[in-house]
Amino acid sequence: MPTITLTVNGTPHTLTVDPGETLADVLRYRLGLTGTKIGCQEGECGACTVEVNGEAVLSCIYPAERADGKSVLTIEGLAQKHDHEFILHPLQEAFVEHGAVQCGFCTPGQIMAAHALLEHNPDPQPEDIHHALKDNLCRCGAYPAIEDAILAAAHGLRTGEPPPPPEIPASAYAGKVVGRPHIRPDAVDKVTGRARYTDDLVFPNMLHAAVRRAEVPHGILRRLDVSKARALKGVVAVMTAEDLPAARNHGVLIDDWPILVGVGERIRYVGDALAIVAAEARAIAQEAASLIEAEIEPLPVLADPLAALAPDAPQLHPSGNLLKHIKVRKGDVERGFAEADVVLEHTFTTPHYDHAFLEPEASVAVPTEDGRMEVYVGSQIPYDDRRQVAAALGWPEERVHIVGQTMGGGFGGKEDIAGQIHAALLAWKTGRPVKLLYDRRESLIAHPKRHATQIRVRIGAKRDGRLTAVQTELYGDTGAYASLGEKVMERATTHSAGPYDVPHVRADCYAVYTNNPPAGAFRGFGVTQSNFAVESLMDMLAERLGLDPVELRRKNALRVGSATSTGQVLRESVGLLECIDRVDAEVRRLSEGADPFAPHPVPGEPHKVRAWGFAAAFKNTGLGGGAPDEATAEVELLPEGLFEVRISSAELGQGLVSVLQLVAAEEIGVEAEGVRVLVMDTDRTPDGGPTTASRQTYVSGNAARMAARVLVSALRSTLAERYDVPPEQIQPQVEGLLLGERLLRWPEVAAEMHALGREPRIRYTYHAPETKPLGEGGDMHFAYAFAAQAAEVEVNTLTGEVKVLRVVTAVDVGAAINPLTLKGQIEGGVIMGIGTALTEHFIVEEGRVVTDRLARYRMPSFEQVPEIIPIVVEHPVSTGPFGGKGVGEIVSVPTAPAITNAIYRAVGVRLDSLPVEQEALLLPIALR
Amino acid sequence: MPTLWHTYLRPKTVEEALQMLAEAGEAAVLIAGGTDLMLDLQQGRHPPVQALVDITEIPELRALEIRGNELFVGAGVPLNRVSASPLVREHAMALAEATGQMAGYQIRNVATLGGNVAHALPAADGAIALLALDARAEVASPQGRRRVPLADLYLGPGRSALKHEEMLVGFWLPLTRQKAASAFRRVMRPQGVALPILNTAVWLAREGDRIAQIRIAVGPFGPVPRRATAAESALCGHAPDEATLNAAVEALLREARFRTSRYRATETYRRHLAGILLRETVGKAWERASGE
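Taken in order, these protein sequences are the chains called A and B. When we follow numbering that gives the first Met the number 0, the leftmost residue of the first sequence carries the number 0, and every step to the right adds one. When we follow numbering that gives the first Met the number 0, the leftmost residue of the second sequence carries the number 0, and every step to the right adds one.
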């Protein structure tokens, strides 16, 4: 075994490595320096960036032995330790202050790449940053803040002054704490590499798991031979469907997804699990999995919804291939079209998309001495994981303990079970801790995608632009299993007439099983797809009618008093018109009198043409549709005088913890630092419900706020009695409770409560306003968020290359809770939308995933990031926490049609399928 | 995952490296930056090897300097050093442009020019630039050193003509002269793999209003990188006016063997781009050559 000597963060190490080991392996698994992340193991994402002899390198493809004799700097080596306290490096400080940290998984790599850049170039220009950090991907899209942070840090390093802080306006409805920019509580841990993600955990005696997947899209498993895998040295357990102790299927809504496919049973997609292995090392487990022989009788592949709906198609599930036919009916579309002066119809298609969160799925299951099972995982729905893991083990739910970890992004892709059940089964079987970490290929193949869709839209309008009718027909490819497909496509359908007041609407959607990877939740939840269709057609309508595209939307926009397609009359918080007006004004200001929606050749380069495009959108907040939407929060005054908010809701990078902290602090009357938040733990935090549907600011925010309110009132009444002061004379202050003249500090309040035998702790279940199922009219959702965006593109008419130059985005968020993290959501949403429009294309062919590497599935990098001008529009929701509503999804919805509309305005080519293929764009131009 | 390699060797001279290759036979493989090889090994496209011979610590391979009336770029010089080098920018702008665009910054800190050539992909940006710049590769073998034209290093797509016991030492490029310049440009597919749809490198020398000499390389032009000689003839001796450029594009399209690569580009798109890129790069090189 080779021995290497290297210096890491100034400390010399001599260690023995295995042949084939990389520098990332050495740092993470031998030295425990887990701040260096592995996102792809393909040299694509940059999360593993470290410095070797002062140069930034990718440690995941750097042979460990090459580091022999060299000096390595990792994220852990940046902060300086002074008297037990860490002094952050100016880069770390600037990342924290500028909100350049979201999920944090890419952060160490970003900072290390930036550090190397500043070593060579102390005064970088933005383009130098884009160049040097081009391969440091950030799926949250924090690029604008990262750039600002690096510029600020560079300035600080040059001048010796602290990095200049960002200038972010407070909310118009700001309180003492809420509505003012705050640094998120997890930022410092994330910039120092101390934040623990699931794969960073190591338990004594831990085994590593691997999954043998079908790799065949459709067939019957005829024979499975695991003998070679069992015989491999280091393998501890191999399990097949025969070994399942209880439930055979799992699923968030419908349990139609086999935990393991058994002999004689149907394989429905390439990612189906046939067997699982636990071994002493990950490499052994993977090799064992590859030694498992499967004989599969192939069946015809149902590659798209239309094939699956053919009369003679094989039926994938006992219920058939149609998961759901979803109908929206409002008025009488025939009448609406008869009244129209113009009727347009067009069909649009969108492909699958992958969430491509930079942290691949990981679960660690640990059997405890008292006979329970702990599962460490980054999950968007911890209590549902608990239910499903318990069902698989045949245990009562309470025997399973989900311990949520810092998550490297989710975007809807971490709602379904990934490795939780498999890890728990192997831990149960072996009695040892088991870690199951997906590699990037497995992640791309196995987890649910955004639905590929085909959407036909027919639109009728009067000559003046007033819409008379919209009819849509949607086909959604829900893949092999139900996941959240039915709900996703329902949202796609109910939003398919756009954010407009249309008297007559008819929508029919078919969510169909196929042999493609399952499709489920993905930021936008179906609305991304139907918005692309309707907003493209709205632009076509504007052209046909000779109307300004903004004016057409303004004329039809939902406003207070409007009825949505499902018959919901909107009573408040409808900021769409203001979003449209403010984007319009900004775009016209930037265009300096020229028509922004007309083509403008670039002076000196006439083959490059620029134009703006416009789109508007709405997106529901909360589950809606009659589903009970509730969250339970617990707030406790701890002995040290801090308030702790506990709720199982998920922090996936979006900033929920910060929202809950501010909401509770405002309600109690303390500073933000007076509150800490614990999330995602089924033993220690009550159920906040799923982190989906942009619901947590509203639902969990209200739960935390109400729990805080009830706690304060309990403290008051208890102490009123104790001190014989009327409760109304007891006032919460930052430091404690003011009882008349006397200040009882928070630690003293806690002590008093305990002395009186009262726990200073309250649990509160918040029930969101009741909603109605689709088809019943009334309130289908308790709130909607609205947005308008304009994108300026530059099209190279010789090559078909497209660049997005600027995006103006206005979002009605109700009221901003934390303007700093909100800015990150708004900018990140636009960047994800640019990926949807231009760079991402998840290709499945005959059920096989072609884009099974990050190298083939391109998310936006620094190269694609335009100037983003965010505008926060605030139309408070009376029932929301301090007026807030959901923002997580709306920020991304209108970006793709704004871009394709801009392309049309620039060069006259209408792109009706995503993503934009520069070749398809060029062809009609070249043929002119 | 089986063990990807068993021994990692770190020779300090070319001769030592050659000896290691000779002793280990087929079981040893050279690794330079390793940014392609590591992925091939990790993803199973390259079978596990007995020994990796790391040639990045051989000083001769890391040299980048003027030697006599030539520019020598060591095969082991990382791409970032190539693209940032004032010597390369002065004498071989197309190479600076090509190496500055390849992959990302961290990859370019370790990936080498020699690796780009040895990997033998038909559209490798570095190799295409070297071809237009008339580079000669210095090859070391147990029989000694030799210099070969770059085009002779290729057998087919991904197949290098270098024998197992041989290695690249570096590249020799002619120094620039009055009224000569080069340019490189490529077009990528934003959704796709890190391979260009098409790239073009041009070197030319001006004589008054005429192109006195020109070399053009286009990738992928065919199964192996080679020069677009018909287009060169069409341009040589003429002013780069519209008629001449049209003739050159026609000549280029007659000679090229463009193919449709699935998920990357159709033949039609490549043919279209070939003309666009030829005009752009000739134009840019022409402009640069007049600036001298």
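Think of the hints as simulated: they come from the structure by calculation, not from any bench. A virtual CB, placed ideally from N, CA and C, is assigned to each residue, including glycine. Wrong hints could be hidden among the right ones.
To be verified - Below 27 Å or equal to it, Euclidean Cα-Cα: the simulated BS3-like pairs (lysine-lysine) are:
hint	chain 1	residue 1	chain 2	residue 2
1	A	K326	A	K461
2	A	K461	A	K554
3	A	K771	A	K326
4	B	K283	A	K607
5	B	K283	B	K178
6	A	K69	A	K232
7	B	K283	A	K802
8	A	K69	B	K283
9	A	K461	A	K227
Claimed, not checked - Label-pair distances were calculated between CB atoms; the ranges are:
hint	chain 1	residue 1	chain 2	residue 2	range
10	A	R587	B	A62	39 to 47 Å
11	B	N245	A	P163	48 to 56 Å
12	A	E118	B	E22	48 to 56 Å
13	B	R261	A	G777	48 to 56 Å
14	B	G157	A	R543	47 to 55 Å
15	A	L305	B	T265	42 to 50 Å
16	B	N68	A	D594	29 to 37 Å
17	A	R157	B	R209	46 to 54 Å
18	B	S159	A	R195	53 to 61 Å
19	A	D580	B	E89	38 to 46 Å
Claimed, not checked - One side of the interface only, derived from the structure: several residues of chain B facing chain A at Cβ under 10 Å:
hint	residue
20	P10
21	E14
22	H45
23	I106
24	Q177
25	M187
26	G236
27	N245
28	T265
29	W285
Hints, verified against the model:
1. With a CA separation close to 25 Å, the supplied pair K326 of chain A and K461 of chain A stays within the 27 Å bound.
2. A distance of roughly 11 Å separates the Cα atoms of K461 of chain A and K554 of chain A; the hinted pair therefore holds under the 27 Å criterion.
3. About 15 Å separates the Cα atoms of K771 of chain A and K326 of chain A, which keeps this hinted pair within 27 Å; it holds.
4. Taking the CA atoms of K283 of chain B and K607 of chain A, the gap is near 17 Å; set against the 27 Å cutoff, the hint holds.
5. Of the pairs offered as hints, the one joining K283 of chain B and K178 of chain B holds, with about 13 Å between alpha carbons and a cut-off of 27 Å not exceeded.
6. Note on K69 of chain A and K232 of chain A: the hinted pairing is violated, with a Cα-Cα distance of about 35 Å set against a maximum of 27 Å.
7. The straight-line distance between the Cα atoms of K283 of chain B and K802 of chain A is roughly 22 Å, inside the 27 Å bound, and the hint therefore holds.
8. Between K69 of chain A and K283 of chain B, the direct Cα distance comes to roughly 42 Å. Violation of the 27 Å bound is thereby established for this hinted pair.
9. Taking the CA atoms of K461 of chain A and K227 of chain A, the gap is near 71 Å; set against the 27 Å cutoff, the hint is violated.
10. Range check, R587 of chain A to A62 of chain B: Cβ separation about 58 Å, and the 39 to 47 Å hint is violated.
11. Distance hint for N245 of chain B and P163 of chain A: a CB-CB separation of about 55 Å, consistent with the stated range 48 to 56 Å.
12. Here the CB-CB span from E118 of chain A to E22 of chain B is close to 40 Å, at odds with the stated 48 to 56 Å.
13. Distance hint for R261 of chain B and G777 of chain A: a CB-CB separation of about 51 Å, consistent with the stated range 48 to 56 Å.
14. With their beta carbons about 51 Å apart, G157 of chain B and R543 of chain A fall inside the hinted range of 47 to 55 Å.
15. For the hinted restraint 42 to 50 Å between L305 of chain A and T265 of chain B, the CB-CB distance of approximately 25 Å leaves it violated.
16. In this structure the hint that N68 of chain B and D594 of chain A lie 29 to 37 Å apart at CB is violated, the actual value being about 58 Å.
17. Between R157 of chain A and R209 of chain B the C-beta distance comes to about 50 Å, which sits within the given range of 46 to 54 Å.
18. About 45 Å separates the C-beta atoms of S159 of chain B and R195 of chain A, a value inconsistent with the hinted range of 53 to 61 Å.
19. Our hint of 38 to 46 Å for D580 of chain A and E89 of chain B is violated, since their Cβ atoms are close to 55 Å apart.
20. Interface restraint check for P10 of chain B: the shortest CB-CB distance to chain A comes to about 13 Å, outside 10 Å, so the restraint is violated.
21. Violation of the interface hint for E14 of chain B is found here, the shortest Cβ-Cβ separation to chain A being roughly 21 Å, above the 10 Å cut-off.
22. With a least beta-carbon distance of about 12 Å to chain A, the hint placing H45 of chain B at the interface is violated under the 10 Å criterion.
23. Checking I106 of chain B against chain A by beta carbon gives a least distance of about 6 Å; that is within 10 Å, so the hint holds.
24. Against a cut-off of 10 Å between C-beta atoms, the interface hint on Q177 of chain B is violated, since the closest Cβ of chain A lies about 28 Å away.
25. Look at M187 of chain B: its Cβ gets to within about 8 Å of chain A, closer than 10 Å, so that hint holds up.
26. At a threshold of 10 Å, the smallest CB-CB gap from G236 of chain B to chain A is about 27 Å, leaving the interface hint violated.
27. The beta carbon of N245 of chain B is not positioned within 10 Å of any beta carbon in chain A (closest approach about 15 Å), and the interface hint is therefore violated.
28. Interface hint status for T265 of chain B: upheld, as the beta-carbon distance to the closest one in chain A is roughly 7 Å, under 10 Å.
29. Look at W285 of chain B: its Cβ only gets to about 17 Å from chain A, farther than 10 Å, so that hint breaks.
The structure does not agree with the numbered hints 6, 8, 9, 10, 12, 15, 16, 18, 19, 20, 21, 22, 24, 26, 27 and 29 stated previously, though it agrees with the rest.
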